[in-house]
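Chemist: Now for the letters of each chain:
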Amino acid sequence: MMLKGKDIISIKDLSEKEIFEIFEVAKEMVPIAKGRSLDLLKGKVLATLFFEPSTRTRFSFETAMYRLGGNVISFADPKLTSLSKGETLADTIRMVDSYSDVIVMRHSYEGAARLASKFAEHPVINAGDGAGQHPTQTLLDLFTIWSHIGKIKDLNVGLIGDLKYGRTVHSLAIALSNFGANLYLVSPKGLEMPDHILREIREKVKPKITDDMNSIIGDLDVLYVTRIQKERFPDISEYLKIAGSYRVDLALLEKAKKDMIIMHPLPRIDEIAPEVDYTPHAKYFEQAFNGVPVRMAILSLVLGVR
Amino acid sequence: MPNMELKIEKIRNGTVIDHIPSGMALKVLKILDIDENVKTTLSIGIHVSSGKLGYKDIVKIEDRYLASKEIAKIALIAPNATVNKIKDYEVIEKYTVTPPSEIIGIVKCSNPACVTNAKEPISPEFYVISTNPIRIKCKYCEREMEGKDIIQNII
Ligand SMILES: [Zn+2]
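If you read the sequences in order, they're chains A and B.
Residue 882 in the numbering used here sits at position 281 of the first sequence; the count goes up by one each step and never skips.
Residue 110 in the numbering used here sits at position 96 of the second sequence; the count goes up by one each step and never skips.
A portion of the hints provided could be inaccurate.
[Claimed, not checked] A few chain A residues facing chain B, derived, Cβ under 7 Å:
id	residue
1	689
2	690
3	691
4	715
5	731
6	733
7	883
8	890
[Stated by the list, open to error] Using 35 Å as the maximum straight-line C-alpha spacing, the simulated DSBU-like pairs for lysine-lysine come out as follows:
id	chain 1	residue 1	chain 2	residue 2
9	A	605	A	618
10	A	790	B	122
11	A	754	A	605
12	A	807	A	842
13	B	151	A	809
14	A	605	B	153
15	B	44	B	133
16	A	605	B	122
17	A	605	B	151
18	B	162	A	831
19	A	842	A	765
20	A	765	B	122
To be clear, the hints were calculated from the coordinates, so they are not data collected in a lab.
The structure presented is a predicted model; accordingly, all values stated were derived computationally and were not measured.
In this text, a Cβ means the ideal position worked out from N, Cα and C, and glycines have one as well.
Start from the sequences and build out the full structure, keeping to the hints where you can.
Modeler: Below, the structure written as C-alpha cells:
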C-alpha cells in the first residue's frame with residue numbers, strides 16, 4: 602500500500618521497492634489484461650486529459666481502467682475545452698479533480714503534470730509532458746525486461762538510435778543505470794545522448810559509447826531500438842544512409858546471443874525489418890501489450906485497492 | 015588592504031556587501047533593483063584588491079537594510095559574499111550568504127517550454143543541487159541551470 606494516493610510524475614519519484622511492487626502486481630494483472638475482467642476498480646472514475654494526442658497511451662490507460670471494472674471520462678477534443686478560452690491549467694485540473702478519483706494527463710508543457718499534482722487532491726499520473734517525463738512508458742519497458750529475464754542488474758542493455766531527442770530513452774537510461782545494468786549507447790553522430798543525461802548515468806555505471814552496432818551486438822542481453830526521425834536530418838539522402846546502417850535485420854542478429862530480446866517503443870518505421878518479427882528475439886509487441894497490465898497495476902496501487 | 019578605507023568611505027547606517035566576486039557588483043545592484051531611480055547613497059568598489067580572494071567587489075548602501083529574501087538572491091551570484099548591517103558606524107549583524115536549499119520566485123526557468131513560463135498561478139521553484147559553483151534544478155521541468163543562465167533569469 603506504499604503507493605496509495607501517490608502521484609506518478611517522474612520515474613525518479615519512485616523507489617526501487619515501489620517499482621518492484623508495481624512489477625509484482627503487473628504480473629498478476631497479465632491474465633486479467635488478456636480478457637478475464639475484474640471489478641477491483643468498480644465505481645472509480647479515471648479522467649484522461651490528453652492535451653496532446655497519443656492514441657496508444659490513452660487506449661492502454663483506458664483499457665486498463667475498463668478491465669478492472671472502472672469508468673473513464675475524457676474530453677473529445679482538447680481544442681474545445683475552456684483552456685483554449687484562456688482558462689489556466691490549474692483551474693481545469695481543480696474542476697476535473699472534483700469529478701474523478703485519478704487523473705492521467707499528457708500535455709506539451711514540460712512540468713505540466715507536476716503542476717497538476719499541486720492542484721489535484723487525487724493522484725495524478727503523468728502520461729508525457731513535452732520532451733520531459735513519461736514514467737509509465739519507462740515502467741513498462743523495465744517490466745518487459747524483468748518479466749523475461751527475471752532481473753535487470755548486470756544485464757547488458759544496448760540503447761540504439763536517436764538518443765538525443767528520444768522522449769523515452771533518457772529516463773529509461775537513467776532508470777537502467779539505477780538498477781545496475783551495463784549500458785551500451787549506440788547512436789549516429791549528432792544524435793548522441795545529451796551530456797546532462799550522461800552525467801546522471803555516470804554516477805552509477807560506466808556506459809560504453811559507440812556508433813557501430815556490429816561491434817557490440819554480441820554482448821547484449823537486451824537491444825532497445827528507438828526511432829530515428831527524418832526531421833532531424835537536413836537532407837533525405839543523409840537520413841536514408843543513417844537509417845540504413847542502424848536497421849536491425851536477420852544478418853545483424855546472426856551475431857547476437859540466442860536469448861537476446863529486442864524492444865522498441867513503437868510505432869516503428871524502418872528500424873526493424875519485418876522478418877525479425879518472427880524470430881524469438883522480437884518482444885516489442887509484447888512490450889506494447891505490457892502497457893495495459895503495468896497501468897492496471899499503477900491504477901490499482903495509487904487508488905489503494907491493492 | 016590599508017588603502018581600502020581611502021577608496022570607499024565608511025557608512026553610518028546601512029548595508030555593506032563584501033567579498034563579491036570581482037566584476038559582479040553591478041549584477042548585485044541589479045538583483046537588488048537598484049537603478050537610475052536610486053534614492054540612497056551608494057559606494058561601489060570594483061576589482062578591489064583583497065588578500066583572501068585576490069580581487070573582489072564591494073557595495074555599500076546607505077540607509078537600507080536587506081530582507082532575507084534579498085540576501086538569498088545575492089547568494090545566487092556571489093556565494094562567498096558577506097552582508098554587514100551597519101548602525102552608527104558599527105557592524106551590528108554579519109551574515110555570510112548561504113544559498114537556500116530551495117529557491118522560490120527569485121529566478122525564472124530558462125526553459126521556454128516549462129510550465130512555469132505559462133500563465134499559471136505558480137512561482138518558479140528550484141532545488142539547489144550544488145552550491146559552489148551554484149547549480150539549480152527546476153522542480154517542474156527538471157532543467158538544470160548554472161552560471162550565466164541563472165544571472166540572466168533573475169526576476
Ligand atoms: Zn522549468
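Chemist: Check the structure against each numbered hint from earlier and tell me which ones fail, lowest number first.
Modeler: 7, 8
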